[in-house]
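So the sequence lines, in the order shown, correspond to chains D and C. Going by our numbering, the first sequence wraps up at 295, each residue one higher than the last. Going by our numbering, the second sequence wraps up at 1526, each residue one higher than the last.
Hint data in this document are derived by calculation from the structure and do not stem from the laboratory. Because the structure is a prediction, the values reported are computed rather than measured. Incorrect hints may have been included.
[Stated by the list, open to error] Restricting the straight-line Cα-Cα distance to at most 30 Å, the calculated cross-link-like pairs of lysine-lysine (DSS-like) are: (1) D/Lys112 with C/Lys1487; (2) C/Lys1487 with C/Lys1464; (3) D/Lys200 with C/Lys1416; (4) C/Lys1416 with D/Lys196; (5) C/Lys1487 with C/Lys1416; (6) C/Lys1416 with C/Lys1355.
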Amino acid sequence: MESRVLKPILALYVAAFILFLYGPFIVLGILSFQQGPDGGPQFPITEWSTYWYQQIFGLTPPSRIAPLPVGEALIRSLILAFMTMVTSTVLGVMSAQAFRRKFRGSSFVFYLIVLGMMVPGVLTGLGTSLLANNVFGITRHWYTTAFATHVAYTFPFAFLVMLAILNRFDGSVEEAAWSLGVSPWKTFRKVTFPLIFPGVLSAMLFAFTLSLDEFPRSLFAAGGTEDQTLPLAIYGTFAVEIHPNIFAFGVLTTLFSFALLSVYGILMGMSVRRARKLAMQEDIA
Amino acid sequence: MTTQTAIFRIDGVTKSYGGVKALDAVTLEAGVNEYLSLLGPSGSGKTTLLRVIAGFEVPDSGRVFFQGRDITNLPAHERGIGFVFQNFALFPHLTVRQNVAFGMAHGAVSVSAEDTAQRTQAVIDMVGLTGMEDRGVDQISGGQRQRVALARTLVMQPKLVLLDEPLGALDANLRGRMRNELRAIREKMGVTFLHVTGSETEALAMGDSVVVLDRGRIIQRGAPDDIYSTPASPDVAHFLNRFNLFDGKLSGGTFTGPFGTIAAPQATRASRDVCAIRYDRLQVLPLSATPTGPALKATYIANEYLGSAVMNFFETADGKVVEVEHHLSLGAPQTFEPRQDYLLTWAADQAIVFGREGK
């Protein structure tokens, strides 16, 4: 009775959710195949073509529409996201590991860390730029000040993911390794890390994607044009005029994200199978 | 005195968690090549005791000695003491062989690959896992996991192995078999086992000597038959799960309980006055009979068939359940009418009396 009413409503809700999630992307995807260079960023499609894709890779003859100035920004963003991912994940694993034992002031430190994802990004960015310019007198760069804000922002996510994973982690396998004469560091490498690896992957994914499309912090904390990250560069092109080449670029970056997700999914699947073994073992206890 | 042959000794070890004393000034030692079983109810501190010896916990006070050396502050991985967990704690991402070889492959003492392989195979053969070497630990049964846990520990040739309810996760049939195997393996290796258990039958069956732990204190230590026939206190009698305990009053060499007053010339000193009578030492008579010893009127409730014995349950006037065990080897069991009153009696010298006036 209840489900007869509830089920269609839920189904409708999920359908609406998926529409809002993928609708914009589908529209962008369709418009990216607009005819070029005269076709505009709106319907109808005058003629289907891959002109704008070719333009991104510089395969079209020069026209009045300048190619997207995103090449270097993309490289910068990828490197920055990678640096952020590594740093935040290492910090996240280490700090979550520290939180396995209660220590004096642990709850205070917990909130201090988590605050990093709560503080408005614009304020962090602005504060960082003021700190760099007026207090320390150092030049802002994407790989210095912006990198610091990205780590401050993504580290709490990595930390929380690892905290959740380690909360469920049965420490007796580590104790078993110690009792076999294996040092704590070797135990971490040979036992703990392989078993928490699914969590590490998730933390990495969070840190990478959050950094890749971070906007407000980079806006202030990265320096001038030669320090622009990808989101900043894309935003910069809006200010002039919008052409379907942005859509084509959006499609390409989305495909890249999906590829990244697939790699994550495959690695995760492999680790989960391993984790299931652990769960089975715990069932006996 | 036995310090020469003692493999380990703990001296006045105290450990509290949030103000609750899990271990209260415990002193204990075990000799070389001994099977010591440690019996206690849950919360008695028996697991904490093992964890302190293994080095997973640091005691608040007291010292831990192993092979004559003070190891109180030595980290677990430098102690060389084996530990078998109740949940086995096998490495789920490794095969049986890798689990067993783990300590040799990654330990501080370097063992050549050849020796590792040879020792691993030898111990796998010994615990009867030949042919399972390359299976994942999720592809073997509970009993086999138990053997992997044991093999992994024994291959390191420790002088002392701590076992934390190692049979608790196994079914009854397997438990019986593993008991025998544990003893056989221990004798073959000549190591000292300290086996913690909450099961009184396991403790009595396995240990060369049994230590009874309650609320963080050792309340009795002795050979299994001594503990069984002469429990040192009402609490020990209670943990053995083989005694009916009657509260009463000990005064001037007599004990007054629900069954009247009996002579108690040999009462044991204890903090409360209790008379303990073993389940199988009680006899059931019809109400009309005239008992020769002390007797107690009780109502029959139900029985439980145990295979080799029948357990009969009676209730006394004050609502206490009394258990009477009848071994079937002694003949067919009596049959009783539910809700009927009977007389429970016993030979006067079979009762163990505890009391404040005891010796």
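How the hints compare with the structure:
1. A hinted pair counts as satisfied when its Cα atoms are at most 30 Å apart, and D/Lys112 with C/Lys1487 does not qualify at roughly 46 Å.
2. For the given pair, C/Lys1487 sits about 11 Å from C/Lys1464 by alpha-carbon distance, which is consistent with the 30 Å threshold.
3. Between D/Lys200 and C/Lys1416 the alpha-carbon distance is near 62 Å, which puts this suggested pair outside the 30 Å criterion.
4. Proximity of C/Lys1416 to D/Lys196 is assessed by CA-CA distance (about 61 Å); at most 30 Å being required, the pair is judged violated.
5. Under the criterion of a C-alpha separation no larger than 30 Å, the hint pairing C/Lys1487 with C/Lys1416 is consistent with the structure, at around 17 Å.
6. For the hint linking C/Lys1416 to C/Lys1355, the alpha-carbon distance of about 50 Å lies beyond 30 Å, and the restraint is violated.
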